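Asks: If you read the protein sequences in the order shown, they are chains A and B. Start counting the first sequence at 1; every next residue gets the next number (the numbering used here). Start counting the second sequence at 116; every next residue gets the next number (the numbering used here).
Calculated from the structure, these hints are not laboratory results. Note that the coordinates shown come from a computational prediction; the quantities given were computed from them, not determined experimentally. Heads up, a few of these hints could be off.
Below, simulated BS3-like cross-link-like pairs (lysine-lysine); rule was C-alpha separation at most 27 Å, straight line [claimed, not checked]:
{"#": "1", "chain 1": "A", "residue 1": "Lys41", "chain 2": "B", "residue 2": "Lys167"}
{"#": "2", "chain 1": "B", "residue 1": "Lys118", "chain 2": "A", "residue 2": "Lys41"}
{"#": "3", "chain 1": "A", "residue 1": "Lys20", "chain 2": "B", "residue 2": "Lys215"}
{"#": "4", "chain 1": "A", "residue 1": "Lys64", "chain 2": "B", "residue 2": "Lys167"}
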Amino acid sequence: GAVVSQHPSWVICKSGTSVKIECRSLDFQATTMFWYRQFPKQSLMLMATSNEGSKATYEQGVEKDKFLINHASLTLSTLTVTSAHPEDSSFYICSVRTSGNWEQFFGPGTRLTVL
Amino acid sequence: DAKTTQPPSMDCAEGRAANLPCNHSTISGNEYVYWYRQIHSQGPQYIIHGLKNNETNEMASLIITEDRKSSTLILPHATLRDTAVYYCIVRIYSGGSNYKLTFGKGTLLTVNP
Numbered sequence: 001g002a003v004v005s006q007h008p009s010w011v012i013c014k015s016g017t018s019v020k021i022e023c024r025s026l027d028f029q030a031t032t033m034f035w036y037r038q039f040p041k042q043s044l045m046l047m048a049t050s051n052e053g054s055k056a057t058y059e060q061g062v063e064k065d066k067f068l069i070n071h072a073s074l075t076l077s078t079l080t081v082t083s084a085h086p087e088d089s090s091f092y093i094c095s096v097r098t099s100g101n102w103e104q105f106f107g108p109g110t111r112l113t114v115l
Numbered sequence: 116d117a118k119t120t121q122p123p124s125m126d127c128a129e130g131r132a133a134n135l136p137c138n139h140s141t142i143s144g145n146e147y148v149y150w151y152r153q154i155h156s157q158g159p160q161y162i163i164h165g166l167k168n169n170e171t172n173e174m175a176s177l178i179i180t181e182d183r184k185s186s187t188l189i190l191p192h193a194t195l196r197d198t199a200v201y202y203c204i205v206r207i208y209s210g211g212s213n214y215k216l217t218f219g220k221g222t223l224l225t226v227n228p
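Take these sequences, add in the hints, and give me the full structure.
Replies: Take a look at the structure:
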């Protein structure tokens with residue numbers, strides 16, 4: 001399967017700061033990338049879907065101005081959590097898919113803690 | 116809006132087959148069933164997917180009922196490292212060439228020595 005990396009693997013920041021998380025598809029042209037978040041003891045929740053070169057499509061209830069997604073190339077997508085608050089503390093996971101491929105691969109996740 | 120129902124937890128003895136059920140009674144004719152698993156604090160790992168035929172790969176087998184309203188994931192010889200949350204997902208068409216995977220609560224499989 002595809003190798004997907006995320007950086008950083010964990011981050012601690014102060015309330016009010018912005019945090020950028022990178023998702024890289026190392027051996028796979030990711031025409032579509034997804035961002036999920038997972039709160040403790042809960043399932044993954046899809047935040048947004050982005051196609052390379054296009055604006056992301058956000059799920060209902062996810063603020064697009066707070067969670068900025070950039071998918072500028074077939075191998076890189078970034079999620080920026082702007083003005084982070086403690087309630088944004090979560091496990092953020094990216095996922096990649098290429099058109100015509102049935103499989104969707106997930107990254108290892110980034111744990112964000114906002115103090 | 117997950118379209119699947121799974122038992123919250125199951126136990127299995129090491130070396131025995133683990134059979135994980137999933138109900139997806141509202142599945143549409145062209146929607147695929149996917150199985151992923153998530154080991155604690157890691158990203159989900161793809162296991163297998165199918166439409167209507169039974170499928171097998173090096174990790175598991177997927178048995179889909181003829182009416183497609185339910186399926187069973189079979190791990191033929193469970194090991195301690197198979198302890199994880201297993202998610203049964205119906206892949207939903209979301210417009211254009213896009214599909215999305217919506218995760219439910221999954222089944223926590225615990226493999227015991």
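Asks: Keeping to a limit of 27 Å between CA atoms, is the pair of lysine 20 of chain A and lysine 215 of chain B held or broken?
Replies: holds, 24 Å
Asks: Taken at face value, is the distance from the CA of lysine 41 of chain A to the CA of lysine 118 of chain B at most 27 Å?
Replies: Holds, at about 20 Å.
Asks: Are the Cα positions of lysine 64 of chain A and lysine 167 of chain B separated by 27 Å at most?
Replies: Violated, because 37 Å separates the two Cα atoms, which is more than 27 Å.
Asks: Lysine 41 of chain A and lysine 167 of chain B: Cα distance at most 27 Å?
Replies: violated, 32 Å
The structure shown violates the earlier hints numbered 1 and 4.
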